Amino acid sequence: MRSLIALRRHRPGRPSRRDPAPSRLAFRMQRLWLTPGFWRLLRVGLPLCLIVLPVTAYLADDGRRAAIGAAAGDLRRQIQERPEFMVTAVAVEGASAPVGRAVRALVEPALPASSFTLDLAALRATVAAVDAVATADLRIRPGGILQIEITERRPAILLRRAAGLEMLDATGHRVATLLDRAARPDLAVIAGAGARDAVPEALAVLAAAAPLAGRVRGLVRRGERRWDLVLDRGQRILLPAEAPEAAVARVIVLDAAADLFGRTVGDVDMRNGQRPTLRPLPAPSVAADPAGGEAGAPDNLQSLSATVVKVSQP
Amino acid sequence: MTDLYQSQRAMRNLRRAALQRGVVAILDVGSSKIACLVLRFDGEAAGAREDGQAPLAGQSAFRVIGAATTRSRGVRFGEIDAIAETERAIRTAVQAAQKMAQTRVDHVIACLSGARPRSYGLAGEIALADGQVGEQDVSRVLAACDVPDFGQGREALHAHPVNFAIDHRTGFGDPRGHVGNRLAADMHLLTIDTAAVQNLAYCIKRCDLELAGIASSAYVSGLASLVEDEQELGAACIDMGGGATGISIFIKKHMIFAESVRLGGDHVTGDIAKGLQVPMATAERIKTYHGGVQATGMDDREMIEIGADCGDWEKDRRRVSRTELIGIIRPRVEEVLEEVRTILDAAGFDHLPSQQIVLTGGASQLPGLDGLAARILGQTVRLGRPLRVQGLPQAATGAAFSSTVGLCLFAAHPQDEWWDFAIPAERYPARSLRRAMKWFKDNW
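Chains as they are written, first to last, in our numbering: chain A, 1 to 314; chain B, 1 to 444.
These are computed hints drawn from the structure, not numbers from a lab. None of the values given here were measured: they were computed from a predicted structure. Quick reminder that beta carbons are idealized off the backbone N, C-alpha and C, glycines included. Keep in mind that a hint or two might mislead.
Some chain A residues near chain B, calculated using beta-carbon distances under 8 Å [stated by the list, open to error]:
(1) Asp19
(2) Pro20
(3) Phe27
(4) Gln30
(5) Arg31
(6) Thr35
(7) Arg65
(8) Ala67
(9) Ile68
(10) Gly69
For each label pair, taking beta carbons as the anchor points, the in silico distance ranges come out as [stated by the list, open to error]:
(11) B:Gln294 / A:Gly37: 36 to 42 Å
(12) A:Arg24 / B:Ala422: 38 to 44 Å
(13) A:Gly45 / B:Asp81: 42 to 48 Å
(14) B:Glu334 / A:Arg24: 43 to 49 Å
(15) B:Asp350 / A:Gly37: 56 to 62 Å
(16) B:Tyr289 / A:Arg24: 55 to 61 Å
(17) A:Val52 / B:Gly391: 40 to 46 Å
(18) B:Lys205 / A:Phe38: 49 to 55 Å
(19) A:Leu42 / B:Gln294: 44 to 50 Å
(20) B:Lys205 / A:Asp62: 51 to 57 Å
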């Protein structure tokens, strides 16, 4: 037999071990040590226990917990309220004077405040809620200054309402109230229910009607779906809901070819693209004598209708 | 019978649990040494073949991570004699192996070499109900084997189905799915003394371990030291241990016979101690260093210092020639081999197609033993060593460890035994669901 365990040399001085076998207790202890769970418990659980137990015992008292919380809060506040972190002034850029005043009046009550506690997102929402402000960028500049950079909305059109005139930007958002129409003669006027929602379309129609610019008085929204282009001398162009710009272009071509608006035409009805319709102008003299009007108007209108057919061919 | 059947089933479940946990201990309780190995199973080995057998005879599935041997105490003739002593020796071995493996083991598969094993060949036959062999038919034919009366105090240790026959065709390893009218089975039953098993189980229980399997040492050393074609063509493995010599006969990869002679290497040592009047430890040392069975002229001139520590100069300076030593050893070895010869003759070993004899075990390392054995047992004798398993220390690869290594193979891939098959439906309690299922199948 070959032994796997090295032979234990017997030393003369010491008494030899009688029994190499481990006792039952030693055997069990060794097995316990070799149990992975027990080993892990001892290596992780015991140090954890040693750390957690005193801490828990210390924190078990309510007064100590409160004292620690108070001390921590105090320290935090001390750091936050150092003058380096305080915001005291507002600087508004990119805004006209009245808008700047309004923004300043909105923001200033929140100051002075620590830059840790200042809620820039909320302030920005407040500033952006001003009608004349398109976008607002807020940041804190070194030196404790709250810098507000504002892009204002540009008035693009006027909306006539019962209360008065309003300026709208190109997206239809309100900019400000206009007290005097003469103050902005460059802007066209729109009116009618639902006009506010269709400002981009109105701008497109007005752009298409640029050759008639001198005569355009404004646009009226009809039935919240289509526009009437109102000219002076009581003339109107009734535009379709779909592709009103194309209809305007057709009318302008017609006008150029046949001098449409030079005649006694009242409404030009383009609502049905297949069948443009002209309505005579209810002239006071003609209206007084329908028979005469019948006599006078026909060749006028007949030659025109021939032109209309010709124009609508291509 | 049913008791052991149940306990064997329970041990199989424990073995499965141990393999799932991945660590199992192997305990070879011998008369001269107690060896303990700790095996780690890493799941199924890669590249298992179609028949479920992994490469390298399935031993690539496990690895030896702890090994220890200790001098056996309290074991005589391969049976436990002094329970407390043996328990201590087992504790020593298990503790050292656990320490080497750095892990705790809970399940133990043990083997024992003595306990008077006796072999029985059993035969059973049934008629096939539906013309095709199913799972239940295999169970039924195994249950139909007529069990011999092996007497009080004996229990079945192994019950291997060796052969199945369907009608006139025989030699089936796995009869399931075959078509026929009658199914017959041959079973090899190995019984041992109940007391020996109970003592071993008690010792292991006292060490806080659970017995997950038990095997005969003769069988497992055959598994380890016979090569595949020897097992297939017929061979006998003779495991010459300290207190008992185990004999197992294999054919067609099944053990068909096992027996044990209650003589071994310790008796040779005892003879030397008596003949030369030296202590057993000295006698053991003289046997291992100078022993032999074949005297030559040279041996007359080789003088061996016996030595003693009594203070008497004449006694302390004694010398014997090696021839004298061989003269003491050889008769005892001849006696052992003649006992083996008698048993092999009684078992009908000379009817096997191949009659290879493999000598293994610690006592087979005596120089010149193969020559002596060839004279007594026949010409086809070789010395066998256990096959190599992964992680086994070099010191544990000798012939003395063939049953230990065989037990590893047994733990990794046990052969299907009677209790591994399903219980036949007839044996189930009257109200069981499976019985109801069978009634439905039979009647519709």
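Are any of the numbered hints broken by this structure? If so, which, sorted upward?
7, 8, 9, 10, 11, 16, 18, 19
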